[in-house]
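Q: Chains as they are written, first to last, in my numbering: chain A, 1 to 169; chain B, 1 to 143.
Rather than coming from a laboratory, the hints here were simulated on the basis of the structure.
Treat the hints with caution; some may be incorrect.
[Said to hold, decoys possible] To give a feel for the contact side, a few chain B residues facing chain A, derived at Cβ under 7 angstroms:
| # | residue |
| --- | --- |
| 1 | 30 |
| 2 | 72 |
| 3 | 77 |
| 4 | 78 |
| 5 | 114 |
| 6 | 118 |
| 7 | 121 |
| 8 | 128 |
[Claimed, not checked] FRET-style restraints, in silico, Cβ to Cβ:
| # | chain 1 | residue 1 | chain 2 | residue 2 | range |
| --- | --- | --- | --- | --- | --- |
| 9 | B | 4 | A | 64 | 24 to 30 angstroms |
| 10 | B | 24 | A | 103 | 31 to 37 angstroms |
| 11 | B | 103 | A | 15 | 53 to 59 angstroms |
| 12 | A | 80 | B | 8 | 48 to 54 angstroms |
| 13 | A | 153 | B | 89 | 36 to 42 angstroms |
| 14 | A | 12 | B | 17 | 36 to 42 angstroms |
[Unchecked claim] Residues of chain B placed beyond 10 angstroms of chain A at every Cβ, according to the derived structure:
| # | residue |
| --- | --- |
| 15 | 4 |
| 16 | 10 |
| 17 | 17 |
| 18 | 25 |
| 19 | 57 |
| 20 | 61 |
| 21 | 62 |
| 22 | 64 |
| 23 | 85 |
| 24 | 125 |
Quick reminder that beta carbons are idealized off the backbone N, C-alpha and C, glycines included.
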Amino acid sequence: MVLAVLVIARTRNLFSVIVLTGVYSFLMATVLVALDAVDVAMTEAAVGAGVSTVLLLGALHLCKAEEAKPAHRPWIPLALSMATALLLIYGSLGLPEFSDPDAPIHQHVTPRYLKNEIEVPNVVTAVLASFRSYDTLGETTVVFTAGAGIIALLRRRKTPKNERDKHAE
Amino acid sequence: MQSDLVLRVIGKILIPFILLFAVYVQFHGDFGPGGGFQAGVIFATGIIFYALIFGLHKARTVIPDNVVEAMLAGGVLLYAGFGIAGFLLGGNYLDYFVLSKDPIHGQHRGIFWVELGVAITVCGVMLKIYYMFASRGNSEEQH
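Looking at chain A on its own, in the form it has when it is part of the complex (with noise of 0.2 angstroms):
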């Protein structure tokens, strides 16, 4: 993952980074299926290595495939990433044990929801669509604003092409 990501960060060619981008996906679905996280597996796997991959490509049709030299020197930004990270590093030192069963995050709500007491085998679909319900409706009006919007950006300017068409005819 370390390797496709300089790769990335390296590479001017735009359409070998939206493959990279792939195959760092898929390899970020097998650490989450190491982890026990399956639907996000799942999830990782056919939104960030399947759609989005065709998505950006359709994308790159409508642009060059190379990138532009950048105009100035990237040290401050690297700075700051860098800075960024060693700072959440410095925060994570500060976390629980990994899988830890006194961490404060299974002591709240987790207990109850572990008792399946609605008798849904797969915990994280009984969290998602019943415990948090609320949550799941506004995602989906969340993915649902995100479609109308690519619909009321990408459509207006068709309409007035068109009618630039009849005039001419």
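Following the hints, complete the assembly by docking chain B onto the known chain A.
A: Chain B in isolation, oriented as in the chain A frame:
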């Protein structure tokens, strides 16, 4: 890509299974990994795969634009409407316990319909975005 024999044959073999797998992920979400979001994306991937191999216009005859747009809004409406159903049957908004005489069964019924709403919206949005990008590319090529 439309003249590539290998792709066409493999696509014809694989697409039914992709769609079937999406349906499996949808209806088996209670018991195994998966659920509405994953099922919607996998279903959309199957259709996009079809569009890539056989051409966008063929995919548009399979699932026309107005159907996709109806899916976009219909999923959210199904979800929100199910919340109101709980409301009308004497519970809170999005309360599934009142949907059936047996509360557990009501929960399962609620989760089923809500997940279906999520799947429909996600599938519709993915297809719509793909259709939009792909059709823009084609129209610019012609000009």
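Q: Now look at each hint and say whether the structure bears it out.
A: Structure-based check of all given hints:
no.	hint	result
1	30	5 angstroms, holds
2	72	5 angstroms, holds
3	77	10 angstroms, violated
4	78	9 angstroms, violated
5	114	5 angstroms, holds
6	118	5 angstroms, holds
7	121	5 angstroms, holds
8	128	5 angstroms, holds
9	B/4 with A/64: 24 to 30 angstroms	26 angstroms, holds
10	B/24 with A/103: 31 to 37 angstroms	34 angstroms, holds
11	B/103 with A/15: 53 to 59 angstroms	54 angstroms, holds
12	A/80 with B/8: 48 to 54 angstroms	49 angstroms, holds
13	A/153 with B/89: 36 to 42 angstroms	40 angstroms, holds
14	A/12 with B/17: 36 to 42 angstroms	38 angstroms, holds
15	4	16 angstroms, holds
16	10	16 angstroms, holds
17	17	15 angstroms, holds
18	25	7 angstroms, violated
19	57	16 angstroms, holds
20	61	20 angstroms, holds
21	62	17 angstroms, holds
22	64	15 angstroms, holds
23	85	13 angstroms, holds
24	125	4 angstroms, violated
Checked against the numbered hints listed earlier, the structure breaks hints 3, 4, 18 and 24; every other hint is satisfied.
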